[in-house]
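Those sequence lines, one after another, are chains A and B. Under this note's numbering, think of the first position of the first sequence as 1, with each following residue one higher. Under this note's numbering, think of the first position of the second sequence as 103, with each following residue one higher.
These are calculated hints, taken from the structure and not from any lab test. Positions of the beta carbon are idealized from the N, C-alpha and C atoms, including for glycine. Warning: the hint list may mix true and false statements.
To be verified - In silico SDA-like pairs for lysine to any residue, Cα to Cα no more than 20 Å straight-line:
{"id": "1", "chain 1": "B", "residue 1": "LYS354", "chain 2": "A", "residue 2": "THR60"}
{"id": "2", "chain 1": "B", "residue 1": "LYS637", "chain 2": "B", "residue 2": "GLY246"}
{"id": "3", "chain 1": "B", "residue 1": "LYS354", "chain 2": "A", "residue 2": "ALA45"}
{"id": "4", "chain 1": "A", "residue 1": "LYS54", "chain 2": "B", "residue 2": "GLY359"}
{"id": "5", "chain 1": "B", "residue 1": "LYS351", "chain 2": "A", "residue 2": "MET61"}
{"id": "6", "chain 1": "B", "residue 1": "LYS396", "chain 2": "A", "residue 2": "PHE25"}
{"id": "7", "chain 1": "B", "residue 1": "LYS573", "chain 2": "A", "residue 2": "VAL19"}
{"id": "8", "chain 1": "B", "residue 1": "LYS343", "chain 2": "A", "residue 2": "THR60"}
Said to hold, decoys possible - If we take Cβ atoms under 10 Å as the criterion, some of the chain A residues that face chain B in the derived model are:
{"id": "9", "residue": "TYR15"}
{"id": "10", "residue": "PHE25"}
{"id": "11", "residue": "THR28"}
{"id": "12", "residue": "VAL32"}
{"id": "13", "residue": "LEU34"}
{"id": "14", "residue": "TYR37"}
{"id": "15", "residue": "VAL43"}
{"id": "16", "residue": "PRO48"}
{"id": "17", "residue": "ALA52"}
{"id": "18", "residue": "SER62"}
{"id": "19", "residue": "ILE71"}
{"id": "20", "residue": "VAL73"}
{"id": "21", "residue": "LEU78"}
{"id": "22", "residue": "THR79"}
{"id": "23", "residue": "TYR82"}
Said to hold, decoys possible - To spell it out: a stretch of chain B is covered by chain A in this simulated footprint if at least three of its residues, at any positions, have a beta carbon under 8 Å from a beta carbon of chain A; those stretches are:
{"id": "24", "stretch": "196 to 209"}
{"id": "25", "stretch": "216 to 227"}
{"id": "26", "stretch": "342 to 351"}
{"id": "27", "stretch": "397 to 404"}
The residues making up each chain are set out below.
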Amino acid sequence: MQPDVVRQVKSNPKYHDLVAKRSAFGWTLAVVMLVIYYGFILVIAYSPTSLAAKVGAGATMSIGMPLGVAIIVSAFLLTGIYVARANSEFDRLTHEIVEAVK
Amino acid sequence: MKKLLPASLFASLFLALPAFADAVKGPVEKQAINVTAIVMFLAFVAATMGITYWAASRTKTAKDFYTGGGGITGFQNGLAIAGDYMSAASFLGISGLVFSSGYDGLIYSIGFLVGWPIIMFVMAEQLRNLGKFTFADVASYRFGQTEIRTMAAFSSLVVVAFYLIAQMVGAGKLIQILFGLDYNLAVVGVGVLMLIYVVFGGMTATTWVQIIKAVLLLSGATFMALAALSHFGFSPEEMFKQAVAGHPKGDKIMGPGGLVTDPINAISLGLALMFGTAGLPHILMRFFTVPNAKEARKSVFYATGFIGYFYILTFIIGFSAIVLLVQHPEFYKADALVNGAVDKAKLISGLNGGTNMVAIHLANAVGGNIFLGFISAVAFATILAVVSGLTLAGASAISHDLYASVIAKGRSDEVTEMKVSRGATITLGVIAVVLGIIFEKQNVAFMVGLAFAIAASANFPVLIMSVFWSKMTTRGAMIGGWIGLTVAVVLTVISKAIWVDVIGNAAPLITLNNPAIISIPSAFIAIWLFSVTDKSKRAEQDLLGFEAQDVRCQTGIGAEGASGH
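All chains, full assembly: derive it from the sequences and hints.
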């Protein structure tokens, strides 16, 4: 890439806006996912019996079953949330930045 | 079985589960030839050959060969990624794990899945914008090409090789059971078919085979799960109740069991599962098969959905099999039967072909011989497709990274590079067949574990630091990568899985089953240390290059494939 293109892009306030917004959003979601997953791992490591507890009196299903499925679903939903914003707002900003240097 | 793409994740899994590993290692009884299964299988092979022929006519440039021309849509690519994940190991392995241990199977499924959102949130964009064909393109972007590419190509090859061996052994075992073929013949057959796909069709054919397989496997597993659930009036509670009643471990299958016991091993496994995904060369290549970052993101979204759905299906398949297989004494070995009925204590150990065959037997139980044939053919195709993807990733490391960039110093032309690539593919295929035969009795779990640990320890730290840390230098990246690779390999060798189970020593030198908790930080520390102390000329250049790299990462300006497709 030409040095002047780099300078031009970096002097565009929209570029800094994009980078700041996107990394804040991406890392926030990443932390949410990490907390969910490592929370789960730590429960398995330190308190496995709490996952084996029954969902209700007389039930066979344990709390860990719906919880596990909920984690799978949460991974999908978080990804969807990111894509929705990235493919609209972030892509629009990116497009404007790219157009400005053409 | 054992394909194990997600294998890496899997690997650790298998390591922790002696019974499961034994199922893989143990002798497989050759069975009568299943005509229906073979007919279904041949139909599948014929169909995919047709695709390869079509793809070959469209594979003209190196870009076509490596990335399918960058013209694959996000949805298609999402299916292909899911296809890479829905390996025979996931399908047969997780359902078998659930069958034998219950809840533990779900723990591993979750570990495989959660790496995806993380890659997406922090790296997918950058990967797509920096890369061309291989992971080394990204890692070496602003660094000394020779050093970084050599390191990256080497670690990619090690990861690929260990996966390949595991696949070949797994494929041989599966074919032996399904088709009644001789083991060596089965391995050679897998090798030949895989070579045909890759050499003639390249990434286009490999991707399409993955897509078709993913669709067939998802439909087949959906049917199987629904048919199985119908036996319980579609009530999960009823299924769990009967499973607990029939399982030798009783109510223990409803919570975490012996797989992950102490906290350190649990956390180490979690690290490997999550970050290994981001370092697998054949998975990273899939980011370059789509035209832009937008499609790359969509493909991750679709892939996460398909994979998550698939894991939920395998969970239902495993649990329902606990109840349903017992009704078919013919699936069991003779010594597991008492007066013609299955002995409860032998529910797991007495299954014909071991727990890896749970899904296959369940297919027979709910859908008869035709459905069994269908699932068998898809399971085989699964291995074939994953092996093809792995071989392609290995061939790219040789032709694109080692040959074109390091040996020819960028002076080679595309035609020569393609020739080298095809030659490398054939060589890798032959090596895979030979190793598959040599390692027949080997526990594939340890090889997969090694592959996983290497991906998370050697590739992932260099990749993420090159994108996010402006002060990383060529020296830091190179030494950090080699250290991550070495530490992961050494720790795996001295752990129980190899030191005791393979080499035959009395006790392991280290109690850690998965090296990730040590090897990943080692790589990061080495990258940091050897970068900040690097005062060379090259280092100055590396630091100066960050700004331009960052702009390209963030905006995609100058990225591959932005036009022309």
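Here's how the hints hold up against the structure:
1. LYS354(B) to THR60(A): Roughly 11 Å between the alpha carbons, so the hint for LYS354(B) and THR60(A) holds.
2. LYS637(B) to GLY246(B): Roughly 15 Å separates the two Cα atoms, so the pair holds.
3. LYS354(B) to ALA45(A): holds (16 Å)
4. LYS54(A) to GLY359(B): With Cα atoms ~16 Å apart, LYS54(A) and GLY359(B) stay inside 20 Å; holds.
5. LYS351(B) to MET61(A): Status holds; Cα separation ~15 Å.
6. LYS396(B) to PHE25(A): holds (16 Å)
7. LYS573(B) to VAL19(A): holds (19 Å)
8. LYS343(B) to THR60(A): holds (6 Å)
9. TYR15: This interface hint holds because 7 Å falls under the 10 Å limit.
10. PHE25: holds (8 Å)
11. THR28: holds (8 Å)
12. VAL32: Holds - the Cβ of VAL32(A) comes within 10 Å of chain B, reaching about 9 Å at its closest.
13. LEU34: holds (7 Å)
14. TYR37: holds (5 Å)
15. VAL43: holds (8 Å)
16. PRO48: holds (4 Å)
17. ALA52: holds (2 Å)
18. SER62: holds (4 Å)
19. ILE71: holds (5 Å)
20. VAL73: holds (7 Å)
21. LEU78: Status holds, d = 5 Å.
22. THR79: Since chain B brings a Cβ to about 5 Å from THR79(A), closer than 10 Å, the hint holds.
23. TYR82: holds (6 Å)
24. 196 to 209: holds (count 3)
25. 216 to 227: holds (count 8)
26. 342 to 351: holds (count 3)
27. 397 to 404: holds (count 4)
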